[in-house]
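These protein sequence lines map, in sequence, to chains A and B. Note that our numbering has the first sequence beginning at 1, numbered continuously upward. Note that our numbering has the second sequence beginning at 1001, numbered continuously upward.
Mixed in with the good hints there might be a few duds.
Claimed, not checked - Computed footprint of chain A on chain B; a stretch qualifies when at least three of its residues, placed anywhere within it, have a C-beta under 8 Å from a C-beta of chain A:
| # | region |
| --- | --- |
| 1 | 1010-1019 |
| 2 | 1074-1085 |
| 3 | 1115-1122 |
It is worth saying that the hints were derived from the structure and are not from the lab. Backbone N, C-alpha and C define an ideal beta-carbon position, used for all residues, glycine too.
2 protein chains.
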Amino acid sequence: MIVVIYAHPYPAHSRACAALLGAIRGRPDVDVRSLYDLYPDFDIDGAAEREALERARLVVWLHPMYWYSVPALLKHWFDHVLIKGWAHGDGARALAGKDCLWVTTTGGGEDAFTPAGRHRHPFDAFEPPMRQTAQYCGMNWLAPIAVRGSHEVAAEALREAGAGLNARLDEWAAASKGRG
Amino acid sequence: MIVVIYAHPYPAHSRACAALLGAIRGRPDVDVRSLYDLYPDFDIDGAAEREALERARLVVWLHPMYWYSVPALLKHWFDHVLIKGWAHGDGARALAGKDCLWVTTTGGGEDAFTPAGRHRHPFDAFEPPMRQTAQYCGMNWLAPIAVRGSHEVAAEALREAGAGLNARLDEWAAASKGRG
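Please put together the full structure from these sequences, using the hints given.
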């Protein structure tokens, strides 16, 4: 089972995330948890979230970049769900060995993520907090997918990005079956 | 005026952040906004926050590291307060030229922030999202203060860290007076 943790504060205004989610949400092996629909008041049900994660072999974090990081509700999910004694610490291994795929969209294009661009850093500079959150829980960090320039990119490119994500999940599922 | 945005989800359990805050909260030039006290339901008053920021010449973000980043309510503050048309975009310059000082505490000591340590990265690897958030708003990024090993460090060391922060604000105030 693939559990997609989807965090878009304004789903109705989403183009890129909506295209990515739309491309995979009908899959029988995908369980989508849309955090802003489930918990509009930030009142996350930690037990329910942990139960969903326990069924996963692949955890996908799907969200637009907000201030070089996750939207606040996904940060709250990290703080509230990935707790000590379950996800980490004292031999807790609930997530250990699961795979983790980060899929995100950015408002800026490639040239924004350069020293002279408006984000001043390569995109990779913003990856360590995400990667290390997964790794601290013992998850395997897969190569992330970042769709750049989500405000400007053409509908056709978004369809391709969605198809690419879907193909990526197919590959993962095939390899996962081979492993176990 | 120095505006301190303080974000500790469990102030009663804080040692390091409490020591840092305690060392500066009585200063006449410091205005402390304790987000988890002001907004326990995550219902941030964006207008009030922006008004407070407008009075600041130095903005301090003070919080424990949670998952290699800020606690969720401070992330919500970024998303909700630093809005387009005020903090950035279309010539918006409400924060431009202000100074920004990041003060944080970590559960892991120096040896945890090494490739072989449990956080696998030097502490600096987690700085770009914070620094670039400030810089995108046109703020000047001052050298951060990170108090390591907050769970284990001795009371005396915490008093010193508090005194160090206080001295840092004194220096800033003196230099700031010189500039203005």
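Evaluated hints:
Residues of the region 1010-1019 of chain B with a Cβ under 8 Å from some Cβ of chain A number 0, which does not satisfy the need for three, so the listed coverage is violated. For the region 1074-1085 of chain B, the proposed coverage by chain A is satisfied: 6 residues have a C-beta within less than 8 Å of a C-beta in that chain, meeting the threshold of three. For the region 1115-1122 of chain B, the stated coverage by chain A is satisfied: 4 residues place a CB nearer than 8 Å to a CB of that chain, which reaches the threshold of 3.
Violated hint: 1 only; the structure is consistent with all others.
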